[in-house]
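Chains as they are written, first to last, in the UniProt record's numbering: chain B, 1 to 619; chain Z, 1 to 352.
Everything labelled a hint here was simulated from the structure, so no lab data went into it. As the structure is a computational prediction, the values presented were derived from the model and not from experiment. Warning: the hint list may mix true and false statements.
To be verified - Derived contacts from chain Z toward chain B, CB cut-off under 10 Å, selection only:
no.	residue
1	M1
2	E113
3	F151
4	E152
5	C153
6	L154
7	M158
8	T193
9	D268
10	G269
What the hints assert, rightly or not - Calculated pairs, BS3-like style, for lysine-lysine (alpha carbon to alpha carbon, straight line, at most 30 Å):
no.	chain 1	residue 1	chain 2	residue 2
11	B	K188	B	K272
12	Z	K77	Z	K228
13	Z	K348	Z	K77
14	B	K559	B	K395
15	B	K441	Z	K229
16	B	K517	Z	K77
17	Z	K265	Z	K229
18	B	K517	B	K421
19	Z	K77	B	K441
Think of the CB as a built atom: it goes at the ideal place given N, C-alpha and C, for glycine as much as any other residue.
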Amino acid sequence: MAFSGALTLTDLNDFITPSQACIKPVEQTNKPTEEKGAGAAVTEIRVDESGYYEVSQAGISNGSTNKGRKLEQAQISLNDCLACSGCITSAESVLITLQSHTEVLSVLSNDVDERIPIISIAPQSLASLAAAYSPQPRSASSTNERTSITDEILTPREVFHRVRRFCTSILGFAYVFDTNFARHLALKEHVKEFIERQQEAQQKELTNGDSVPHPTITGALPLPMLASACPGWICYAEKAHSEMLPFIARTKSPQQVMGTLVKQWIGKKLGKRPDEIYHVSVMPCYDKKLEASRQDFYDDVFKTRDVDCVVTTGELELMMKEFGWDLNTGTLSPVQPTDGPSLSIPVKKNTPINLPGVSIPELLNHPGTSSGSYLHAILRHFMSTSPVPLTLSVKAVRNAADHEEYILRETPIENGNTSSKIVFKGIKCYGFRNLQNVVRKVGRERGVRVESGAAGRLGSAGGAGAGRGVRKIRAVRKGRGAEDSPSAGGEDEDRRFDYVEVMACPGGCVNGGGQLKPPAMPNSAALGDIDAEGYKRDWDGEGVAPSVGAKWGDRDWTKKVEEVYWRDAKNVDEDLVADQLVDEVLEELCAGDDAERKRLLRTEYRAVESDVIGLAVKW
Amino acid sequence: MYQVTAVAELPGHDDRAWAAAWNPSRPILSSCSADKSVRLYSYSSTSDGTLKFNHVSTIPTGHTKTVRSIAWSPSGKTLATGSFDSNIGIWEQEDIGEDELGAGEWECMTILEGHETECKSVAYSSTGTLLASCSRDKTVWVWEVHPDADFECLGVLMEHTQDVKCVAWHPSEEILASGSYDDTIKLYVDDPTEDWYCFATLTGHASTVWSLAWSPKGSYLASASDDKKVRIWKRADNYRWESVLAISAHDRTIYSVSWSVGRPKSGDGSLGWLATAGGDGSVKVWELTEPAEVEGISKNAPPEHRLIATLPSAHGVHDVNTVSWCPRGGMEDVLATTGDDGVTRIWKIVPE
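Just need the whole structure built from these sequences, with the hints factored in.
This is the structure we're talking about:
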């Protein structure tokens, strides 16, 4: 194991340096070579504030003022990152800052830019803000600067109204929407896609028994269908588990459906082309920035994206703070913020007046999960269309709220047939760890090879993993034959899954990476953080700060945001109104053309193959 | 005092031999190598008391890269391989013939995938219900072993900031330790209501932590490092471990440490024997004893340590990659080493 020449002779990559993973090649532009002067063969790279310069030795020795040829800076764009599997998220998270709130402000304050600014806000972001600006349980210790002096409980709806005022009156947005109506549309399409897949699977079962993970004549993909709204999951699947891609729903996420709605449908209403609208979305998640940057959501004709810029909940809060907008009152704060820049960016966007009103239902409620209720939308579909009454049972796997099984059975008829045939089996699965188990389970049940990491990459490069040589896992072990035929007896526990609501974050979208951090609350009064005289104990000084505390704090905070998310869920069933509008929208956009609807509401995924092979890279 | 005597030399790997693992319940020794294979040997005592090793089987594994690490389940029926191809292989024999001892076909029961890059180490917990692995991708994974060679991922621990070199389970409790290129050791437990989490980070080494070994009773943890030191950490409280001793043990990087009960001359306060090996090619054996209980001596007094045997050039000019005590009763003084020469060697510690 010595650091010897042997290092180059084996596949040993045991010694590393940080950030070796970026493999973005430096492209050669091959410009016509300039005539070289005498002595120019030897050059040096000189660096100053304005950049890098290639300077000939002659130039240096002459002491000439010739600065030399300015070298191009190597640049890595978001798209380079998306196309590479050198690393999973690290470089991306850095580049993501290119889509930032400063970018939004610079567009809004640019008088030459005449695009109509529209902003769409995700409901999870509103819940995060509402939770942070509501009085905290331990209000005695008012270390929380966000806390209102009044004891008003903020609802996401109220927050939405206040944020809307901020976005229109201060920032100059022409329209402020929530993304729930887009989600309504996405959920409907999601259910449609599920039905297509299910019909295809049933068809196949009748003919040859098992389903194969390949599109067939009808084009429907196999079951189980996996949710597609989480960009973190999509990114991971494309890079590490390409065998999962056929299972992932093709339906666009609510953010991208909103993008289509804004640029196409609302655009038409305003008489604007897609590139005449500047669409910003506020999301609980950094990876939504990656999603918006996908090539699939770029309009080649108008050279514009469906969502031009994504900011996180935290960035929206930052903007409000910078402009002195007090979310507690929904007005400009009488006291200018002391820290940070004073209002140096006077947004004087000349929003065109006399724009027509665009009305979509506000904050539609989708009962189920705070991550979008994808699983519940399908459950509801079964419940409402089944000819026989169905019973739903929910089982938490290993007592975890992040991993639950949902089973729909035909309700047994009393005194008669006791059969309770399973009609549908779905899982809710949040967090990277649970996601691993779903990938394993789906791979095992459906007989697709789980492939990840170097092995998968090498395997697929060398021809469908044939070179691997690892004997195939014995797919069906003794006594588990029932797995293969879902209709066989004793199906209950072994029945394969039909649907999985996958989210990469533990706790789902309310705990997204872009959400507000829990307010700085003292660890716990019960632990004696604050002494009798109200002094905060100096944990650092005493060196016994329980690190476990932070962990619990975060989890409690997620629970709180979850609770706030449902706080003002209206009981009024607005589905009918929303459904009508969906029909209207689809009629206006695609006039009953099935293919056109799919073009607008669905997308595609592709495996990101790594060109990094261990043998080729040494570090 | 003691001498390290050669018992057997087991060549056969075509490339460097990375690790050796003794089957805990049957007389089988396994080794793995950069040649992507695992070799299995059975052994028995001859009438004159010497150990005789027989090569009984070679598993070609099918890993596409180096097999870096191997571990037996406590039952001795299952073998796990950790490979630089990022995967973990789980191997079993269809029928275990009593007299064949490891001979015959070993079948790949499943492949555990998930690590992004090279898997560096695998380890079974003392009850065999958990399997841990670590990787250059900086993560430590905890898997639960289910029937039918099924595994469920219980945790992906992203605590280290660099390559994780080794994982080691406490001998009786479900406490996991990992050592890393970030120079730290992390300790993890399961939170019954939630996930696995890191409850302690042990700092002190000035360079990579290559190997970890718990004392037989689990009240101490030994770590081997690129800083040429072995550190001994003592359990000061349930979830608190403190550095109590640093031994400048070798002239070059220490790649491996192993801790057994040994055959101490006096059992009083014995903490057993610690074997260390590494880049300087030597194998050293240390005897550790509990600090004498003297009035006024602090609770965290270091254990007493004594170098009782040294074997220079165990594998000639080559590095020693692993040193491993035999865990079986009556063989506490036998250890195996693997080296860059591709050879596995068996040694016995005998009084002079």
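Evaluation of the provided hints:
1. Interface restraint check: M1(Z) against chain B, minimum CB-CB distance 29 Å, threshold 10 Å, status violated.
2. Taking 10 Å as the C-beta contact cut-off toward chain B, the hint placing E113(Z) at the interface holds, the least distance being around 5 Å.
3. Interface restraint check: F151(Z) against chain B, minimum CB-CB distance 7 Å, threshold 10 Å, status holds.
4. Checking E152(Z) against chain B: minimum C-beta separation of about 5 Å stays under 10 Å; hint holds.
5. Against a cut-off of 10 Å between C-beta atoms, the interface hint on C153(Z) holds, since the closest Cβ of chain B lies about 4 Å away.
6. Interface restraint check: L154(Z) against chain B, minimum CB-CB distance 7 Å, threshold 10 Å, status holds.
7. Hint on M158(Z) holds. Least Cβ distance to chain B is approximately 9 Å, under the 10 Å limit.
8. Taking 10 Å as the C-beta contact cut-off toward chain B, the hint placing T193(Z) at the interface holds, the least distance being around 7 Å.
9. At a threshold of 10 Å, the smallest CB-CB gap from D268(Z) to chain B is about 35 Å, leaving the interface hint violated.
10. At a threshold of 10 Å, the smallest CB-CB gap from G269(Z) to chain B is about 31 Å, leaving the interface hint violated.
11. For the given pair, K188(B) sits about 27 Å from K272(B) by alpha-carbon distance, which is consistent with the 30 Å threshold.
12. Our distance criterion of 30 Å between C-alpha atoms is broken by K77(Z) and K228(Z), whose separation comes to about 36 Å.
13. Simply put, K348(Z) and K77(Z) have alpha-carbon atoms about 26 Å apart, close enough for the 30 Å limit, and the pair holds.
14. As the CA atoms of K559(B) and K395(B) are separated by approximately 19 Å, the hinted pair is consistent with the 30 Å bound.
15. Our distance criterion of 30 Å between C-alpha atoms is broken by K441(B) and K229(Z), whose separation comes to about 44 Å.
16. Restraint check for K517(B) and K77(Z): not satisfied, since their Cα atoms lie roughly 48 Å apart, outside the 30 Å limit.
17. Only pairs whose Cα atoms come within 30 Å are accepted, and K265(Z) paired with K229(Z) is accepted, the gap being roughly 26 Å.
18. For the hint linking K517(B) to K421(B), the alpha-carbon distance of about 45 Å lies beyond 30 Å, and the restraint is violated.
19. Proximity of K77(Z) to K441(B) is assessed by CA-CA distance (about 24 Å); at most 30 Å being required, the pair is judged to hold.
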